[in-house]
Every structure is written in C-alpha cells, then in structure tokens.
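Start from the sequences and build out the full structure, keeping to the hints where you can.
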Amino acid sequence: MRVCFRQFFSLTGLAVTELFRQPAFLLVILSSTACTILVPLAISHQLGQQGHLALDSSLAFEFMFGIVLAGYAACATLHNECRSGTILIVFSKPVSRLMFFLAKYMAVSILLAFFVFCSGVASLLAERLTPRNFEFDALGLRLLLAVPLVAFIPAAVLNYFTRRSFVFYALLGFVLALIGMVIALGMVNGEGARVAFGSQIDWRILPACALEGIALLILSAIALSLASRLPTPTTIAVLAVVLFAGLISDHLITLLPQSGTVRFGLQMLLPDIQAFWPADRLASGGILSLSVMAHATAYAAAYTSGVLCIGYASFRNRQF
Amino acid sequence: MKDEGISEFVIEARNLTKVFRDFWGRPTVKAVNNVTLDVRRGEIFGLLGPNGSGKSTTIKMILGLLHPTSGHLAVLGQSPRSVSVKSRIGFMPEESYLYKYLTAEEILNFYANLYGLSGQHKTERVDALIGQVGLTHARHRRVGEFSKGMARRVGLAQALLNDPDLILLDEPTSGLDPIACREVKDLLLALARQGKTILICSHHLSDMQDICNRVAILLQGEVCASGSVQDLLTTPDTLKLTLQAPSQTTLNTILDMLERETGIRPQVDHTGRTLESVFIETVSQRRSDSTHKSSCSPEKSV
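These protein sequence lines map, in sequence, to chains A and B. All residue numbers for the first sequence refer to the working numbering, where the first residue is 1 and numbers rise by one. All residue numbers for the second sequence refer to the working numbering, where the first residue is 1001 and numbers rise by one.
Hint data in this document are derived by calculation from the structure and do not stem from the laboratory. Note that beta-carbon positions come from the ideal geometry of N, C-alpha and C, so glycine has one too. Warning: the hint list may mix true and false statements.
[Stated by the list, open to error] Output of the computed footprint for chain A on chain B, the stretches with three or more beta carbons under 8 Å from beta carbons of chain A:
no., region
1, 1088-1095
2, 1102-1112
3, 1202-1213
4, 1239-1246
Below, the structure written as structure tokens:
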C-alpha cells in the first residue's frame, strides 16, 4: 500500500513539476491576470460602470483561460507523454494504468487550483482598482506596475546564478507579489488613507472564484479523458463547446420534448455549468451560501467521477 | 522433465502474431507473424532485423504495451500485462524518451519511486548508477540539454534501477561513441555473468556478435533464422589458422603441403585490428596523457 501511495505521489509530483516549469503555464497565468485586472479598468473608465463590471469580466476570464489551461495541461501531461514515448518507460515499471490516469488528473487539478487562486487574487485586485467616479487609484496602479519587476527580477537573478527554473520562481514571485498587493491595498482606501483591513475589498469574490474552479475540475476531467486520444487544439475546442453548451444547457433542454430520450440523454451528458456561474447572485448583492457550494461540489464530484470512468475505460485499452 | 524446461525460460513466445488495424478495425499491417522464441535464463539474446521487421513490436508485446493479436506469450512465467511482473523487468527504449524539464538525478529518483525504492537504498542505487553510466558531472543538468549519447546513458541507468532479472534493450548502443559503446557492452556482459537475462534489439551487428549468446533474425515480422551466434557464424568446412609470421620459405612449405592435402591453395593474409580497437586505444591513451599532464600542472598542484 505504501508503495502504491509513493507511486501515486511520484507520478502526480512529476506531472506538477513538469507543468509548473513550462513557459506556456506562466504565459497563461500572466495573460489571465493582466486581462482580469486591466480590462475592467478600461471598460469602467469608458462607461463609468462600477465594480460589478470588474466582477463579471474577471469571472468570465477565469472560465476562458481556465478551459485553455485545463486543455493544455491535460494534453501536456497525457497526450504529449503518449506522443513523446515517455509513457513507454513508465508502463515498463510496475505502475497500473488506473493509478497513472488518476495521478494525471490530480496533477491537472493542482495546476487548476493554483490558477483559480491566482485568478481569485487578481479578481480581488480588479474590483478594488476599478475607478469609482472616474478616479483611478494612483497607489494601486503604482503597485501594479511594480508587480512584474518584483516577480521576475529575482527569478532571473536566481536563474542566472543558480540555473534554477525561471518559470517556477517567476510564478512564485508573481503570486507572492499579488498577495502582497492585496494586503497593502486592504489597509488603505482609494485616496490612500488608512482603513480597517479588508473593508475596501469585496471578499465575496473568493468563493465565487472557487465555485468556478469546481466547474473547471469537471472540464479538466473531460479534457483528460479526451487527451488520451486527441491533441491540444482539438481538446480545447471540444472543451469550449462543452462550456458553451453547459452554460445554455437549461435553454437547450427546454427546446426538446418533455419526456423524450434525447432530452434525458442531454440532461445526463451536458454539465450544468449554470450552477457554477455566480455572477448573477453576486450582482444582486447576495452571497454564495454554504448550501450552494455544497450542492455544486456534490454535483461536480458525481459528474467528474462519471467522466473519469469513461476516460479510464478508453485509456485502459490504449496500445502504445 | 517438461516443467524443468519451462522454468528455465524467461520469455516464451509461441506463434505470436500482431496485426495493426485502422480506425474501422480493418487490418493495415501484420507487424509480427507467427513468431516463436524462447529466451533462457542468464543468456544475452539478440533480435536482429532491418527497419520494420517487427523487433520493437515484439519488445512492446513482451512489455505488455501492445497486445498480441494471437499466440501465447509468457514473461517470467506470467502474462506480460501483469503489473507485478514488471518489477523484475528493466527496459530501455529505442529513443531516449525522457522528461526534458527534469535533471538526470530527478528522473532516476522518479523511476526509483515507481519501483518502490526509498530512503538510503534509493539514494545509493541512484548514485551508483549515475556513476556507472558516467554522468556524475551532469547529474544536476536538465536532460533536455543532454546530447543523444548522454540521454542514452540516463535511459540505461533507469533500466537497471530495480536490479532486474530481465533487461530489454532496444538499440542500446545507438548514439554512443565507441568508448561508451564498449563500456555498455562490458556492463551487459557483467550483468549476464550475474545471471541476468538480456534481450537486445539492434542494427549494430558487430555489437551483437560481441555480446550475444543466441540471436534470431526477423524479416517482415517472421523469424528467418535463429540459433547460437557461434553456430550461425561458423563455416564448418573452413578453418582459420593464426600464427606468428614465419619466414617466406617456411610459409611456402606449409602452403604447398596444405595444397597437396586439400587440392586448393590456402589464402594468406595479415591479421588486422578493427577500427574500434584502434579508436579506443588512441582515445584512451590521449585521455590518460592529458589526465597525467593536468595532474602534474602547477595549478593543480597548488
């Protein structure tokens, strides 16, 4: 049993290490953060809208970049391993295919959890930095400009002198810098005056991002199941279709006859992404209750288990 | 009596056939056709054949990575798809399929974990193998920066991590310089002396001739010839006589005598060295000289 655990954590650890060292992952995190923080600044400035615009756009960006990352990570860790042949060596060791498949899913989930955390922090900043009455937060913008410098210069220095992975340390520095920025901005208001910590930050965003993160776990299970056969672009395209269909699944189902097999099949097949879209609840000033989160988690667990079973059945008989 | 014979075989393949099919299930190519092979415990067995002859497919079936279309295959007395049997197998594939973002040491530690090695035993095993394949200086470098030869060494090290009973090597000397190639061959011979069974696929016939006890030649998925290397190479009605060069008169006397005896004038030639032996001797000599010089240089002494 101990050997099984060691194998599982080794496979997961290796996949996570590989994913975290890939420049593409850093690029996706940077792009996602930049879009999440900067796009609301521009929109709010033009339209004079308030924080809910920032919230809507940041949640939408989380989904958008989330499916890109889920598809990319699943394919990088499974499809590329099949294509490059590294899987031949792994399966020449006493490793079961089920353990390998589940370890890969765990690795993709860890990566997505990291992404969701970054996205949550970026969303907090986006909402906090949104101009109120067309007035920009000068201190916040200055801190924002400093984030890349704080993140990348130490990583570059480390890489130059010790040959440590630039991508990994840049990511670490970037996240730490974002967290530092949230803490700093949490202590002051838009004019720079001291306030009680966190009183100027909309903390409801964090559970909203987590809820979307749970939906991304469903999508990553679909991505991994596809990745044993399909390459990255196709996997991401299929994920985008599933996301879109899942978002309008309520509407699609009402178009079909009440008691038909097609309706039943569609209800079973399409993930109910609407259950994970929190923007409407937050826009009306509400909060995400524990029961909503628990219901969504249970649904995601059941759906993900089903998808992983189908994915494993396809992977189990794959010949290399 | 029959049971004793079976237990001696590490790999038993009977009428093994592998047909690859397309998306619709239609047969596209018969990669292995009715192959019967027995590999005995402690021997070095070579699979020879041109490209596309079915060598790698056979190895993949032995590893359980491909499933035979028909026929019987047993590895160490079990089905090749059994997970447990793989703890006794080491495999080095044809290409160096390695995680390019990891260092040599990280890769070996990862594979050691898959074998269930841990603690001091794992550290010692990884250290020993890194030294054995000559990668001590590069253990902390990423494998993506390695030359093909260095990557092959990592591949060989990972195949030996679990001290396997059966070692499967697909083109083990491909990409290696002649000295590294000699070292690998010596290592394989030493492993065989320890009782390990080794199955090698290779195009390098001279390497196979050097180390294999028995070989099988595959062509278009079928075994064309098989047997011990000695038997296959020996021409029964021809002899080679090697002697210290005598005087011309003595030589002529011997040749005349042999011609009278056999009716054919024997051919006389000088025994030559192989290019491999010349290369190894020259490079080893030069390395030894440069090591000697550097160890005597003032900087080193200080």
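Status of the hints after comparison with the structure:
no., hint, result
1, 1088-1095, "holds (count 5)"
2, 1102-1112, "holds (count 4)"
3, 1202-1213, "violated (count 0)"
4, 1239-1246, "violated (count 0)"
Of the numbered hints given earlier, the model fails hints 3, 4; all others are met.
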